[in-house]
Amino acid sequence: MKATRFKALAILVLALSLVAAACGDDSGEGDTEELKVAFVHVGPTSDKGWSWAHDQGAKYLEANMDNVNVTTLESIPEGADSLRVFEDLIADGNTLIFGTSFGYMDPMLEAAAAHPEVTFLHATGYKTADNMGTYFGAAEEGRYLAGMVAGSVTETNLIGYVAAFPIPEVLRGINAFTLGAQEVNPDVTVQVVWTSTWFDPPVEGNAAQSLLDAGADVISMHQDSTAPGLAAEAAGAKWAGYNTDMEEFAPDAWLTAPVWNWGPFYLKTAEAVRAGTWTTEQYYGNMADGMVDIAPYGSSVPDDVRKLVDERKAQIISGEFSVFPATVTDQDGNQRDLGDIFAMDYFVQGVVGDPAG
Amino acid sequence: MTRRFIVEPRGVADSWVKLAVPVASVVAALVLGAIFLAITGNSVIEVYAKMLKTAFGSWRGFSETLVSATPLILTGLAAAVAFKMLVWNIGGEGQLLIGAVLASGVAIMMGDNVPAVAAVVLVISAGAVGGALWAGIAAAPRVYLGTNEIITTLMLNFIAINLMNYLVFGSFSPWRDPDATQFPQGRPISDRARLPEFGELIPGLKSFLHRLDLGFVIAVVVAILIWVVLFRTPWGFGYRVAGDSAGAARYAGVKVSRTFFATFLMSGAAAGLAGGIMVAGVLGKMDPRSLELGLGFTGIIVAALARLNPVVVIPVAILLGALINSGPALQSIGVPSSTAVMLQGAILIFAVAGEFLIRNRIRRPDAVPTEVSEAEGATA
Numbered sequence: 001m002k003a004t005r006f007k008a009l010a011i012l013v014l015a016l017s018l019v020a021a022a023c024g025d026d027s028g029e030g031d032t033e034e035l036k037v038a039f040v041h042v043g044p045t046s047d048k049g050w051s052w053a054h055d056q057g058a059k060y061l062e063a064n065m066d067n068v069n070v071t072t073l074e075s076i077p078e079g080a081d082s083l084r085v086f087e088d089l090i091a092d093g094n095t096l097i098f099g100t101s102f103g104y105m106d107p108m109l110e111a112a113a114a115h116p117e118v119t120f121l122h123a124t125g126y127k128t129a130d131n132m133g134t135y136f137g138a139a140e141e142g143r144y145l146a147g148m149v150a151g152s153v154t155e156t157n158l159i160g161y162v163a164a165f166p167i168p169e170v171l172r173g174i175n176a177f178t179l180g181a182q183e184v185n186p187d188v189t190v191q192v193v194w195t196s197t198w199f200d201p202p203v204e205g206n207a208a209q210s211l212l213d214a215g216a217d218v219i220s221m222h223q224d225s226t227a228p229g230l231a232a233e234a235a236g237a238k239w240a241g242y243n244t245d246m247e248e249f250a251p252d253a254w255l256t257a258p259v260w261n262w263g264p265f266y267l268k269t270a271e272a273v274r275a276g277t278w279t280t281e282q283y284y285g286n287m288a289d290g291m292v293d294i295a296p297y298g299s300s301v302p303d304d305v306r307k308l309v310d311e312r313k314a315q316i317i318s319g320e321f322s323v324f325p326a327t328v329t330d331q332d333g334n335q336r337d338l339g340d341i342f343a344m345d346y347f348v349q350g351v352v353g354d355p356a357g
Numbered sequence: 358m359t360r361r362f363i364v365e366p367r368g369v370a371d372s373w374v375k376l377a378v379p380v381a382s383v384v385a386a387l388v389l390g391a392i393f394l395a396i397t398g399n400s401v402i403e404v405y406a407k408m409l410k411t412a413f414g415s416w417r418g419f420s421e422t423l424v425s426a427t428p429l430i431l432t433g434l435a436a437a438v439a440f441k442m443l444v445w446n447i448g449g450e451g452q453l454l455i456g457a458v459l460a461s462g463v464a465i466m467m468g469d470n471v472p473a474v475a476a477v478v479l480v481i482s483a484g485a486v487g488g489a490l491w492a493g494i495a496a497a498p499r500v501y502l503g504t505n506e507i508i509t510t511l512m513l514n515f516i517a518i519n520l521m522n523y524l525v526f527g528s529f530s531p532w533r534d535p536d537a538t539q540f541p542q543g544r545p546i547s548d549r550a551r552l553p554e555f556g557e558l559i560p561g562l563k564s565f566l567h568r569l570d571l572g573f574v575i576a577v578v579v580a581i582l583i584w585v586v587l588f589r590t591p592w593g594f595g596y597r598v599a600g601d602s603a604g605a606a607r608y609a610g611v612k613v614s615r616t617f618f619a620t621f622l623m624s625g626a627a628a629g630l631a632g633g634i635m636v637a638g639v640l641g642k643m644d645p646r647s648l649e650l651g652l653g654f655t656g657i658i659v660a661a662l663a664r665l666n667p668v669v670v671i672p673v674a675i676l677l678g679a680l681i682n683s684g685p686a687l688q689s690i691g692v693p694s695s696t697a698v699m700l701q702g703a704i705l706i707f708a709v710a711g712e713f714l715i716r717n718r719i720r721r722p723d724a725v726p727t728e729v730s731e732a733e734g735a736t737a
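These protein sequence lines map, in sequence, to chains A and B. When the letters of the first sequence are read in order and numbered with this note's numbering, they come out as residues 1 to 357. When the letters of the second sequence are read in order and numbered with this note's numbering, they come out as residues 358 to 737.
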């Protein structure tokens, strides 16, 4: 009895001393200079969508890197006024700045030119400098898989797609989604409604409702809020989301979603900047490197569908399967070369809507 | 015995009251903000120091404050000029945007074919014309049919927003940059149509005033001109009489409808000029994301705080510009993004409440006159 108590005490003391040692190590690590990293988001980080996903990445960076100081600015409007936000961050001593929305491109480029000692990383853009890189990922891989799930569960064979802007990124997603849906269900039609906004819950919800009224029984989206899912849930329809796992908001409607995992990229970039090894690049992540994934399936997704999609996912990761073939049939039934997917300006066969908006 | 407070009209307010009440309103808003910050666990001094430092603590911050103030001076004028005449134009937002549409349209049409100074004048004038035309859509039915301009100008804001977005995001119009394939953007205008920055005119100023351009000077000059027209010309006299009493003005021979119409258009032109100056100045294109910031609505706050005085609009716009600019910087010291917005709202509410105190006094009925003046002192 006494012996076990002693043992327990000894283990406790040992554990405590280990914790103390660990803490001591942490604070004693004075050899790395503090790295001040800033994130600038267009939406609120509570949106559970695009900005939230980036904020999760920022938190991952904070948790996995020593001596890093992360500043997060949310709801910063895009456009010319954002220049002063970047300037303020630089004045505060930040040396690595991530801008997570397209509309920061020109102001970031201007700030980068004026401050060569600061490193800038711009999500979704295409302009670079020696101290400004871009990053984005192949969401189309997740879109294709979400399309397979949606195509499998639709009964009306009409899938509604609430989409923000008619730009290559969004068209790419719609086409990949449609090709995925057609793989499992050749009769499926994807109807697109444009909202002209990334984040506007009432507009997104109304757009989803109009598609449900038109007979769609699955809603997909390229939007940042949960509103289309709420509309689908209320109508007893299904929902393929975007950005993050949003199952909790519409548990019955939830199928899956292409999701982002920015954390490892942020960590890798910050470590390279600290080590002085970072060089400018246009990083395009994918499922293989983990930047893109799909969210866990909803409870209504049948086992055989899960199995089928999981197999495809493994093939995408291994490189055996590419979501876009070299030639595709466009909306009007003409065969055409796939072309540059970063300048995609057409819909594939099976999409109803105007690719020009 | 309980003595209640009574409210009674002040008659003509002393000029010190007119100054003290708005200043006290801002102070009260800052005190309310301080209480809010303290409750939410922020250091009040740290927050206000950060705001002050961001907006005025460096040349760059100061120049950015003036950059933000430039459109606010003009949208503030748009509201001040209209409200004084009891023209309830709350369409400054839409008039600014249509000003930007017309200004950038003229700039794109001209290309590089017009000499620099003429090009700039044409572009920003087109902005004013655009704003006046958009206001005219609401003004004509108001004057001839008696429609409610609050509703029409408000609704026209949404049409303007959607029209601007359509031109860039929804169509391949001349306003859209054909080279921006990844995401729609406004087409850049020729450098000849751009308002010069101070630093371009006098190189030594670049490190002080950064990207501040002549638009700020134009806004200040317009404010002074409007003050002169309203307070130093016969037309301005008719305008002011009509604003106080349409009946009296009519009796005195003022053409009230015509004055009303002209005021409406002048208001719209000021807001449209703001859009034109933004396009020719900091933006260099019709960039919907940089234009749709609620500047027209903020102009109403500016006008209310400036008590509809065109010249007072200038310092008030600078103050609100500073407030807007310091908002994002607060997040870097851990304050929620909504705090600056809340402060703006608080200042508006206090300004409106202050207006009440300028028109009325609050006193206890049994008080002797000396006590009244003490109570007044406490109020201010």
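Hints are computed from structural coordinates only; laboratory data are not their basis. What you are looking at is a predicted structure, and each value in this text was computed from that prediction instead of being measured. It is possible that part of the hints are untrue.
[What the hints assert, rightly or not] In silico SDA-like pairs for lysine to any residue, Cα to Cα no more than 25 Å straight-line:
#1 B:K410 - A:P251
#2 B:K563 - B:R417
#3 A:K48 - B:A406
#4 B:K410 - A:P77
#5 A:K127 - B:I465
#6 B:K407 - A:S75
#7 A:K127 - A:T280
#8 B:K563 - A:H115
#9 A:K36 - B:A406
#10 A:K59 - B:S547
#11 A:K127 - B:F540
#12 B:K375 - B:G702
#13 B:K375 - B:F654
#14 A:K36 - B:L409
#15 A:K48 - B:S689
#16 A:K48 - B:F540
#17 A:K36 - B:S694
#18 A:K127 - B:P535
#19 B:K407 - A:E34
Checked hints:
no. : hint            : in the structure
1   : B:K410 - A:P251 : violated, 48 Å
2   : B:K563 - B:R417 : holds, 10 Å
3   : A:K48 - B:A406  : violated, 33 Å
4   : B:K410 - A:P77  : holds, 21 Å
5   : A:K127 - B:I465 : holds, 24 Å
6   : B:K407 - A:S75  : holds, 19 Å
7   : A:K127 - A:T280 : holds, 11 Å
8   : B:K563 - A:H115 : holds, 16 Å
9   : A:K36 - B:A406  : holds, 21 Å
10  : A:K59 - B:S547  : violated, 43 Å
11  : A:K127 - B:F540 : holds, 12 Å
12  : B:K375 - B:G702 : holds, 21 Å
13  : B:K375 - B:F654 : holds, 24 Å
14  : A:K36 - B:L409  : holds, 23 Å
15  : A:K48 - B:S689  : holds, 21 Å
16  : A:K48 - B:F540  : holds, 24 Å
17  : A:K36 - B:S694  : holds, 20 Å
18  : A:K127 - B:P535 : holds, 16 Å
19  : B:K407 - A:E34  : holds, 22 Å
Checked against the numbered hints above, the structure breaks hints 1, 3, 10 and satisfies the rest.
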